[in-house]
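What follows is the residue order along each chain.
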Amino acid sequence: MVYKDFKCMLMNFCRCGPIVFLAMFGCSSEAPEVPSAPVKAGESESNSPVPKGASTSEPGRNSGETAMRPNFLNVAAASGIEFEYFEDRIPGRFFLPEVMGGGVAWCDFDLDGWLDLYLMNGAALDPANKLAVDGQPADHRDGLFRSKSGKQFFDASKLSGSDDTGYGQGCAAGDFDADGFEDLYLSNFGANALLFNNGDGTFSDVTKIAKVGDERWSSSAVWVDLNADGNLDLYSANYMNVTLENSESCRYGESTGYCGPGHYEGVPDAVYISAGDGTFRDMATAFGFNTFAGKGLAVAVSDFDNDFRPDIYVANDMEANCLYRRVDAGGAEHPSGAALYEDVAPASGCAVSGEGMNEASMGIACADFDSDGLVDIYLTHYYQMKNTLYRNLGGLHFEDDSYRSGVAATSFPFLGFGVIPLDFNKDRFPDIFIANGHVLGPTVDPSAMTPQLLRNDGRGRFEDVSRAAGSYFEDVWLGRGVAGGDFDNDGDVDVAVTHIDRPFGLLRNETESNMGFVGVLLRSAERVPAHCARVSVSDGRQTSVQVLGAGGSYLSTSDHRLLFPVEATTTTVSMIVEWPSGRSDRYESLVSNCYWIIIEGQQPQVMVK
Amino acid sequence: MSESKDSSVQAQTVRPTRWRRILLPVCLILVGGGVWAGIEIWNAERAFNRGRLLLRQDRDVEAERELEHYLRWHPHNPKAILLWAEAVIKGDSRTARDAAELAISGLKKIPDASPLGAEARMREGRLAFLILQQPGRAETLLLRSAELRHDLPDTHYLLWKLLDMTERYHYSEAHFWNIYELTPTGNKAERLREWYLSQFSPGSANADLDRHMGFLASGESASEATENLRLSQFLANEPESSMVVAAYARWLLHARERDQAADLLKNFPAFDTALGDPSFVSVLVDLMIDLGRLDEARLYFDRWPLPRDGFLYWHTAGRVFEIIERDDKSAVDAYDRALSVWPGPAEWSVMHRRAQCLSRLGDRLNAELGRQESKRIELLMDTDVHKKLRLVLVDLKSVDTLKQMVSFYTALHRSREAKCWQSELDRLISLPARSRLRPLAL
Numbered sequence: 185m186v187y188k189d190f191k192c193m194l195m196n197f198c199r200c201g202p203i204v205f206l207a208m209f210g211c212s213s214e215a216p217e218v219p220s221a222p223v224k225a226g227e228s229e230s231n232s233p234v235p236k237g238a239s240t241s242e243p244g245r246n247s248g249e250t251a252m253r254p255n256f257l258n259v260a261a262a263s264g265i266e267f268e269y270f271e272d273r274i275p276g277r278f279f280l281p282e283v284m285g286g287g288v289a290w291c292d293f294d295l296d297g298w299l300d301l302y303l304m305n306g307a308a309l310d311p312a313n314k315l316a317v318d319g320q321p322a323d324h325r326d327g328l329f330r331s332k333s334g335k336q337f338f339d340a341s342k343l344s345g346s347d348d349t350g351y352g353q354g355c356a357a358g359d360f361d362a363d364g365f366e367d368l369y370l371s372n373f374g375a376n377a378l379l380f381n382n383g384d385g386t387f388s389d390v391t392k393i394a395k396v397g398d399e400r401w402s403s404s405a406v407w408v409d410l411n412a413d414g415n416l417d418l419y420s421a422n423y424m425n426v427t428l429e430n431s432e433s434c435r436y437g438e439s440t441g442y443c444g445p446g447h448y449e450g451v452p453d454a455v456y457i458s459a460g461d462g463t464f465r466d467m468a469t470a471f472g473f474n475t476f477a478g479k480g481l482a483v484a485v486s487d488f489d490n491d492f493r494p495d496i497y498v499a500n501d502m503e504a505n506c507l508y509r510r511v512d513a514g515g516a517e518h519p520s521g522a523a524l525y526e527d528v529a530p531a532s533g534c535a536v537s538g539e540g541m542n543e544a545s546m547g548i549a550c551a552d553f554d555s556d557g558l559v560d561i562y563l564t565h566y567y568q569m570k571n572t573l574y575r576n577l578g579g580l581h582f583e584d585d586s587y588r589s590g591v592a593a594t595s596f597p598f599l600g601f602g603v604i605p606l607d608f609n610k611d612r613f614p615d616i617f618i619a620n621g622h623v624l625g626p627t628v629d630p631s632a633m634t635p636q637l638l639r640n641d642g643r644g645r646f647e648d649v650s651r652a653a654g655s656y657f658e659d660v661w662l663g664r665g666v667a668g669g670d671f672d673n674d675g676d677v678d679v680a681v682t683h684i685d686r687p688f689g690l691l692r693n694e695t696e697s698n699m700g701f702v703g704v705l706l707r708s709a710e711r712v713p714a715h716c717a718r719v720s721v722s723d724g725r726q727t728s729v730q731v732l733g734a735g736g737s738y739l740s741t742s743d744h745r746l747l748f749p750v751e752a753t754t755t756t757v758s759m760i761v762e763w764p765s766g767r768s769d770r771y772e773s774l775v776s777n778c779y780w781i782i783i784e785g786q787q788p789q790v791m792v793k
Numbered sequence: 508m509s510e511s512k513d514s515s516v517q518a519q520t521v522r523p524t525r526w527r528r529i530l531l532p533v534c535l536i537l538v539g540g541g542v543w544a545g546i547e548i549w550n551a552e553r554a555f556n557r558g559r560l561l562l563r564q565d566r567d568v569e570a571e572r573e574l575e576h577y578l579r580w581h582p583h584n585p586k587a588i589l590l591w592a593e594a595v596i597k598g599d600s601r602t603a604r605d606a607a608e609l610a611i612s613g614l615k616k617i618p619d620a621s622p623l624g625a626e627a628r629m630r631e632g633r634l635a636f637l638i639l640q641q642p643g644r645a646e647t648l649l650l651r652s653a654e655l656r657h658d659l660p661d662t663h664y665l666l667w668k669l670l671d672m673t674e675r676y677h678y679s680e681a682h683f684w685n686i687y688e689l690t691p692t693g694n695k696a697e698r699l700r701e702w703y704l705s706q707f708s709p710g711s712a713n714a715d716l717d718r719h720m721g722f723l724a725s726g727e728s729a730s731e732a733t734e735n736l737r738l739s740q741f742l743a744n745e746p747e748s749s750m751v752v753a754a755y756a757r758w759l760l761h762a763r764e765r766d767q768a769a770d771l772l773k774n775f776p777a778f779d780t781a782l783g784d785p786s787f788v789s790v791l792v793d794l795m796i797d798l799g800r801l802d803e804a805r806l807y808f809d810r811w812p813l814p815r816d817g818f819l820y821w822h823t824a825g826r827v828f829e830i831i832e833r834d835d836k837s838a839v840d841a842y843d844r845a846l847s848v849w850p851g852p853a854e855w856s857v858m859h860r861r862a863q864c865l866s867r868l869g870d871r872l873n874a875e876l877g878r879q880e881s882k883r884i885e886l887l888m889d890t891d892v893h894k895k896l897r898l899v900l901v902d903l904k905s906v907d908t909l910k911q912m913v914s915f916y917t918a919l920h921r922s923r924e925a926k927c928w929q930s931e932l933d934r935l936i937s938l939p940a941r942s943r944l945r946p947l948a949l
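So the sequences go chain by chain: A and B.
Going by this note's numbering, the first residue of the first sequence is number 185, and it counts up by one from there.
Going by this note's numbering, the first residue of the second sequence is number 508, and it counts up by one from there.
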């Protein structure tokens, strides 16, 4: 079926939003709760218990919770996921893509209320060498694992037609046609692919129609409405111009290994702007992106200046990072003809380290780590170099706070890739999970590394609590992609981790907690994710504030839902949503311990209870 | 009666004979001794000259013997001691270390007050540094030499190299200019080249010394391993020197071996005393900041010994104010002071930090200007830029080389170096074309 037919069908059938599909799939056995009516913007602002951008959570409180022992259990195999990334490493070849690994995406593809998993896979890197060792044609495909009530996963890759055979890198899940079903953009070493979710459990490759088949080496990507036209656009970070022909090996003391980014040219990123009809156009330069050909490995969307407009942070490998903010007077329609975005990273202090050094910048985690109402940035870097915490000082000013926060001290022995913020102990402060592992190959020591779990004290100071976090953290891995998601809908964030040389890991968060939760999935009136919406949840004791971002980590997509810990004794909470449109809604008496879906201008509905 | 007369006569004749028997040998001995002494002295006097001559002829063992001969009669003659020490070192009858220790023990006999006291301390320092590989001991001697006499080029040269080779290149500027001023006009270009290499390519600048000291095999290029070997050897030779410990810890910090650096510093037996050494305190503070132990860093910084000045102090102070105290204003002041002294003008990272502080203070315009300047200097410090400069510096008789050096230092706002290179350029241009043909090897 061609894309147009799908579109037509979807426009008639699916535009009614995800609620219909929730009902169709029967994800919630109970009738949706109907909370009190939303309050208009003016009212809510005047009555809002929380000033814009502020959190009333008190750092250091809940000492009982913070002291709780973290506990994660790798349940990948037990849950039916047996998947190992095929990197096609050939000893002595030292071809860089071999060590970059693949990503993972959490997404409820079938709208049954349970997060499914998409796992990127490698392929034969040399077209002349497509045969496996046993002489059989190599068959390495991406994997789609559908969740059955958050307990078991089954491999739906072939059945769904989502088993792309490119050399997989990153995966961005996003509903670009706003039909309620998440589509997939696959970044490859080679041509990228866009898989359209047909809504019936299958996917169609619409890359050519959509014109998004970038053939350069792409890494991470993220879906975001860049020009506020109600359509999701796509920021696709590109890495370097590395081919089998120009690939080199490098000496590291007595050993030979992979050459780093200094040996190759960077490649400009692609920014696909949606025309709203399922086609896209790369308008990176016209929109003010690509101020230089960086070596992008990760891209995150958040609202760093509390203007409710998306800011794009791009992590470049040993190049200055970029922070693109939307300018007031710009865009194609604007008389000035100025670009819509400008790179403010150098002036903002988040392009390079405090010392002015370019850093390796593999993964990004954005969250308000110090509870000051501003989204901060955590970056993973190279072995023996510090990871970086850019503390947001407001007004798009950042400072490298890595030393004061303990981030530097906890990161020196590691080479970090995927990284996510997660409040593993539900103390209302975002902690950090990092997948570590070296890139120089097995002959250079150290190679595999232990992952890390950093506990946040609420003031943005971190302590490494990995040793107490379970056996997975005692083992060494070549960790790469990381995505956080509550796959069992129990109100805490679980972690999906991809590895090189070892099977995929699914870490179920089993940390004991005496807290409840409220989760929320936000959609704008146009049914696209309401990125940069600000959500305040109050349980009567404390108010927590979060901003809806997207992307981040490394090559991966985390759960789109926001998750708020609330007092276990609280049965209902109040929620204020400040929408990017300027509207502000207050919802009272939202039942706790369930996930809600809120579409701008509509009543909240229970998604999963 | 006649018998008694006879006996008295006999006695009279016997007494002189007995005396003669005693006196004669004494006289003979005295005369002989005198003659021997005379000859000996005459020989010794000649031995000095012979020793000097033999030394020139590289007959070092014989020279040493002759000079020893001389020193028996003139044990405090400083010139002879210097020559003897030279003979001891050049001779092959002992191991280099034994020879050095012996020579130093002799040189010690030349007091500071002697006109050759400065020379003696310099030579002791040279032996302690180059042969005994004890830079701590050498530094003390060399500094004493410089104190006694300011115009000894070798003293300043050795101090410059010693500072370079113990991770303290930022202290060497004064020594360089001292030498430069003492360098004959015809050799000034080479000296300038050496200064450039010392600051921007210390690996190549010190390669010859590293080879000489056995840290680098001939034909091999200097690497991090060379520095590691050198500094660990220094440490093995002088485990009690806070300066040496600090140098190795600094190198470990550069090599990002923070745990090892911490072990080294914290387990230093004379830790409290070492806090009187700025290089020790500096590396300790940097390490504590890296490890997030900010309270300790602040504590050690407060112990910084007097005088609290120079690049190292102000750079460290800036970091303490910025990172620990969150006092951006004081940090800017400290960074300004650090940037005003060498190697401040090349420290783009400090410029960047300063710009960040200004930005936080709300001075956006100057912050932006600072960032731009930092970026400009960063590009000037690019490996490729210096690779090219190193290549052209092979030929100091090329107008193009000298022009490039002038523009490099001008871009770095180092007017003194730029002026010196310009003088070389002017001198070269004024020379007849034929005398410019021969390129000098590095």
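Hint data in this document are derived by calculation from the structure and do not stem from the laboratory.
Don't be surprised by glycine CBs; every beta carbon is placed ideally from N, CA and C.
Take the hints with a grain of salt, since some may be wrong.
[What the hints assert, rightly or not] Examples of chain B residues lying across from chain A (beta carbon under 8 Å, computed):
1. R763
2. Q767
3. R878
4. A925
[Said to hold, decoys possible] Here chain B is said to cover these stretches of chain A; the calculated rule only asks that three of the stretch's residues, wherever they fall, bring their Cβ under 8 Å from a Cβ of chain B:
5. 382-388
6. 778-791
**Prompt:** Where does the structure disagree with the numbered hints, that is, which hint numbers, in rising order?
**Reply:** Checked against the structure, the hints that fail are numbers 2, 4, 5, 6, while the rest are satisfied.
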